[in-house]
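Protein chains in written order, with the working numbering: chain A, 1 to 509; chain B, 510 to 864; chain C, 865 to 1190.
Please note: incorrect hints may appear among the correct ones.
What the hints assert, rightly or not - Here are the in silico distance ranges between beta carbons for each label pair: (1) C:Val1140 to B:Pro614: 43 to 49 Å; (2) C:Gly939 to A:Thr70: 57 to 63 Å; (3) A:Pro284 to C:Gly939: 50 to 56 Å; (4) A:Pro232 to C:Arg1038: 37 to 43 Å; (5) B:Ala712 to C:Val1140: 40 to 46 Å; (6) C:Arg1038 to A:Gly184: 17 to 23 Å.
These are calculated hints, taken from the structure and not from any lab test. Where a beta carbon is used, it is the ideal one built from N, C-alpha and C, also for glycine.
Below are the chains, spelled out letter by letter.
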Amino acid sequence: MDVFLSRITKRYGRILANDGVTVALKPGRIHGLLGENGAGKSTLMRVLAGHVMCDEGFIKVDGVRHAGLTPAGAMGLGIGMLSQDPLDFPPLAAWENFTLGGRPRTRRQARDRLAELSESLGFTLRPDDPVERFTVAERQQLELTRLIDADVRLLILDEPTTGISPEQKDILFRILRDFAANKGRIVILVTHKLPEAEELCHEVLVMRRGRLVGSFEPPYDAGLLLETMFGPEAAKAATEPEITGQAAMAAIRVREAATPQMAQAPALAELADVAFSDEKSALPPVSLALRPGEVVGVAGVAGGGQELFLRGLAGLARVRSGRYGLGGADMRGRTMAAFSQAGVHFLPASRMEEGLFPGLSLADHARLGFPNERGDIRDLFSRRFVDRFHVPDQPGAPAASLSGGNQQRLLLSLIPDNTRLLVAESPTRGLDVASCAQVWEHLHALAAQGTAVVFSSEDLDEILARSGRILVFFNRRLAADTPAAGQTVRGLGRHMTGRAAQAAAPGPA
Amino acid sequence: MKSPSPASINILSALALALAATLAVLFFAGAPPLTTLAVLFGGGLDSTASLLKTFSSFIPLFLCATALLATYAAGLWNIGVEGQITLGAVFAAGFLRLPDPATFPPALALILALAAAFAGGALWALLAGALRAYGRVHEIFSGLGLNFAATGVTLWLILGPWKRAGMASLSGTEPLPEAFRLPGFAGKPASMAGLVLAVTAFALTVWLLKRTTWGLKLAAVRQNLKAARLIGLSPKRRLLEAMALCGGLAGLAGGLLVTGLYHRLIPSISGNFGYTAILAVLMVSLAPLFVPVSCFFFAVLLAGAVQLPMALELDSSLSGVIQGVLVLAFLAAGRMGIGGRLGGRLGGKLTGDKT
Amino acid sequence: MDVFAATLAAVLFAGAPLALAALGETLSERAGVINLSVDGTVLFSAMAAFVTARVTGDAWIGMLGGALAGAFVAGVLAVVGLWLRAPILAVGFILTLLCRDLAYFLGHAHARQPGPDLGVWTIPGLSDIPFAGTVIGRQSPVVYLSIVAVAAASFFLYRTRAGLRLRAAGESPRAAFARGIPVERLKVLYCLAGGAFSGLAGAAYSLAVKPGWGHPQGAEGAGWIALAIVIFGGWRPSRVVLGAYFFALIQVMGIHLQDFLPGLSSTLFQIAPFPVMILTLLFINIRRSGRFRDAVQNVPLLGRLAGKPPAGAPGALAGVLDQDAA
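Work the whole structure out from these sequences, hints included.
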C-alpha cells in the first residue's frame, strides 16, 4: 500500500494546526509521529482518517488522488484509526460495538467472528458485556480487532499507551510488529514519548508547530530528536522526564527539595476507613494521612479507581463511611463550600468542560474567583493573573478562546490563597513543554509553602519524577502506598495490573 | 458560512417570513386576510379604550417577561411561570379576605396584598426550584406539573372554601369590595400603579443581572454549572434565588390581575400571560432592551384578537398563532443571517447538542 | 371481576394514545432529538385527523391525516432546530404553543360537530373468553395499533441492524460518525417518525378515545405526560408503555371515583396525572442517588428489588433533560 500526503494544511480559526505537511508513507514500516502536545500530530491523522477535511492539499492512496475523505471513505480505502479517546459505545455490548459500521452480520456471526479474531490476537474479550465495563486496554483491543476485521491496511494509533500498563503496552507493540510485517501494511504511531518511538519504529517523523520538521531512521540520536521536537533552546530545558524516560534521575532531585520539617508537621488530612462512592461505583475503605507540603502522585490504569479517589478527596464524591478529617473537622456529608473553607481546591482534567466558563471574559473569571477583593478588577487581573501566571493580557477575551496551556494557567491563577490541599487531575495532560514546566514550578512552590498536592497522571514517568509519595490504584482498590524513592516504571506497572501481589506470593510468578 | 448581514435585514426577512406563514394560515382558515390583520392589529390601537385594554395586557406580560429574564440568566427553563402568576393571585385574593374594608386603610391593604402576591409566586417557584436543585427534576416538568396543580388549587378554592355566597360559580369568587380594588386609569381597568411597578421591576432586574456580581454569578451558573460549583459559587442557591425573583415578579403580576383587572379570583387567571411572556422573551433572544417592545407588540395582538370572534367569527387563538410564527421566524432568520449570533445568545445550556 | 376486566380494558383504551406518543418520542430521543412540541402536535393532529375524517367520511383516512400532520410539525422542528441549528428546546416549546393555538384556530368551524370514529373491533374467538374477551377481545383499533407499535419498536430497536445504528447514533454521535453512520440524517428521520407517532396519538384521541373536536378537546397535556413517560421508562419501549398504562390508570380511576366523591374529583383527577408526573421523575432520580442505594443495600430483600440503577439517557442527551446538576 502506497500513501502520499501532499501539502496538507488545516486551520482552526487563527491557529494553523497543519502547515503544508508532505510525507510519503512506506509499506511494511512502522512510522513514529513525534512532537510535543499541540504540534499538530492528531490533526494530521484525523485528516488522513477522514474525520476532518483539510483546507488545502490532498492524499494519494495507491496512485489515486482523494481531496476530501470521510470516515467511511477512509475505511473503504483501508485506513483506520485508534483514537486517543475511545470512540466506542459504552452501554452497548462488545459484539455490538464490533459489528457497528462493519459488514452486515447476524448476531451469531458477529459473536463468532469476534471470538475467532480476538483469540488469534491473544485477547480475551467477553462478547456480551457492555463496553463500559471494559478497561481501557480491553476497549483498545476490541477496536483493534474490529479494524483488523475490516481489513485495515493503514493503522493509525493516537497515543495508544496512555492509560494502559507497561505489560499491556508490550502486547500491543508485538501485535503492531506482526501487523506491519504482513503484506506491506503501514502503521503510524503518534506519540510524544521518545522511548516508545525508539523502541518500535522503523522511521520517525517529527512535527513542530504544524510543520513536518524532520525525518529520521535508526539508530536514533535522542538529543537530536529532542532538538528537532522542541527547537535548540527549548531542547535544553526539555529534558522533561516524561519524554526522555529518565524519571529516576529527576526523582532524586525532587526528594532533596522536601524539607525535613515537613515530615514532622501534624497531618493535614486523615482518612480513617473512608469509602468514597459516586453514581457509578464505590471504593472500599481506605486509610491514610496527608502531610503539609507532600506531593503525592496517584497512578493507575484508567478506570482503576483513582479518579473517584481524587474527587472524594476534593469533596466531589460522597463519603459513604468512615471519617474524613481535615484540620480536625469531619468532612463527611459537608458541602463544597465547607471544603472550600477548609482549604481544599480541585483542578479538573477537562479544563473547559468542568473548570471554566467559555462565554465569560477573563476579567469575569477574576471577579468570580476573588469576590472579596474590592477595587479595580483590571488591577487585580494584571497582578494576579498576568504577572504571576502569564495568562494572556486580554481581560475582555472569552475563556473559550484560550489554548490548553492558557486554560491551565487561568485555572492555576484561580486557586485561592488559603489552599492547603490541592487536588489536581492530570495537571499537564495535553500541554506543551513550556506550559508543563510552568505548571510544575507552581505546584512545587505551593508544596514548599506547606500545601499538600495530590495529583493523578497517566504518565508514570511524570509520577516518578514529581512525587515524594505514590499511591497506586488497581481494580478500584488502593493497591500500593509507597514512597517514590526506589520505585521504577516496571515496578509501578506491576502494581497497576495487580501483579505485584502475585509476585510477592511464593510459587511461580 | 454566509457573509454576515446587518441586523435590520434580518428583522425584515423574519417579518417577511412571518407574514407569509400567517397569510398561509389565514388562507387555510378561509379568513379574509387584510380584514383579519386589520382587526388584529387595529383592535388594540384604534381608540383610547382599546389602548387601555392593550395596556392592561401589557403590564402583566411585561412583568412576567422581566421575571423570565432572571431565570433565563441562570439557564433555567421556567415554564412554571403560569402557575406562579396563579399562586400570586391566590395569595393576594386570600389576603384581602382578612381585613375589614370599612376600617382598614385601602392603600395599606393593597400594598400588603401585592406583597403577599409576590410571596405566593416566589414560594411556588421555589418549589420547582427545590425539585430541580435537590431532586434533579428538570424544571420543564416540575413547572408544567405545578401549573396544572395551581389550576387545581384555584378551582378548588373557587368552588369550595371561597365560593360565592349561595352558589358556587365558575365565574369566580365573590368580587372584591370597592375599597380594595386597584384604582384604574380614567375609569378603565388599567392601573398606573401597575405600570410603575412593571417599569421599576424591569429596571431593577436588568441592573441586577447586568451590573452586579450576583448577575455575573447567575451567568456563570448558566454557562457551566460544574465549574460554578468548583469555584465556590453555590449554584444550587443561585438557582433558587433566580427562581424566587422570577416567581415573585410573576406572582406580582397575578396580584395585579386580581386587584386591578378582574377584581376577584377566576379560573385560569394567569390567562396564558406566562407562556406568552416566554415567547416575547425568546423573540428578542433575551436581549433585555428589546423586551418592552416585543411585549407591547404581543399585547396589541392580544387585545385585537379578543375582537375576532365577534367581528369575523374567528377563534381568538389566532393571536397565539401569529406570536408563535413570529418568534419562530425570528429564530430562523437569526440563524440564517448573522451566523447564529442571535440564536447563540440563548446560551449553551439550553442547547441539546454541544456543536 | 367484571369491574376489574372493564377497568383493565379502559386502561388499555385510555393508554393507547399515550403509548403511541411516548413510543414516537422514544425513537426521536434515541436519535438525540428532544421534541418538546409533542403536546401541541397531539392537539394539532387531533384536529387535522378529525377534519380529514369529516371531510372524507372515512376515519382511517383521518388517521393518516393525523400522522401526516404530526410528521409535518416534526418537519418544522427539523428545519429550524436541526438544519438551522436553533436551540432545539426553544423551537420545540414555541411549536407546542403554536400548534395548540393553530389547532384551535383552524378547527373552529368543526368544533362540537359530529364526525366518524374508528368504532370497535371484535376479535373472533378471543372475544368469547370470559376475562380476556372484555380486556382485549373487543377493543378500539387504536388499542391493537398501540400493542403492535410497542412490539415493533422493541423488536426494531434491539433486534435489527437499523435499530442498532439508531442506538449507536444516540449514544455517542462522535463515535457513530467515525464509523460512517450518518448521524444527522438519522436525527431527521427519527424526528419525523416520532412526529408521525404523535400524530397517530392525536388522531387516536379525536377519532376514538375522546371523539370529536372542541376547545378544549380533552387531549390537552397528554403530550407532556408522554415526554415524562419516556424518561420514566428509561427510553425502553417495553417500560415506556408500562408508564403509559400507569398514567392511564390514574385517569381511569378518576372517572370511577367520581361516583363516590362527586364534584370535587372531576377536576382533581384531570389534574392528578401532572403532580404524579413530577413524583415519578423524582422517584427515578432518588433511585439513582448514592444515598438511596447505600440505604437500601442494607435491607436484604429491598436491595434486590431496587436492583440496578435505571438506564440513563442516550449519550447525546446527557445533561439536557437528565439533570446531573450541582
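Hints, verified against the model:
| no. | hint | in the structure |
| --- | --- | --- |
| 1 | C:Val1140 to B:Pro614: 43 to 49 Å | holds, 45 Å |
| 2 | C:Gly939 to A:Thr70: 57 to 63 Å | violated, 26 Å |
| 3 | A:Pro284 to C:Gly939: 50 to 56 Å | holds, 54 Å |
| 4 | A:Pro232 to C:Arg1038: 37 to 43 Å | holds, 39 Å |
| 5 | B:Ala712 to C:Val1140: 40 to 46 Å | holds, 41 Å |
| 6 | C:Arg1038 to A:Gly184: 17 to 23 Å | violated, 31 Å |
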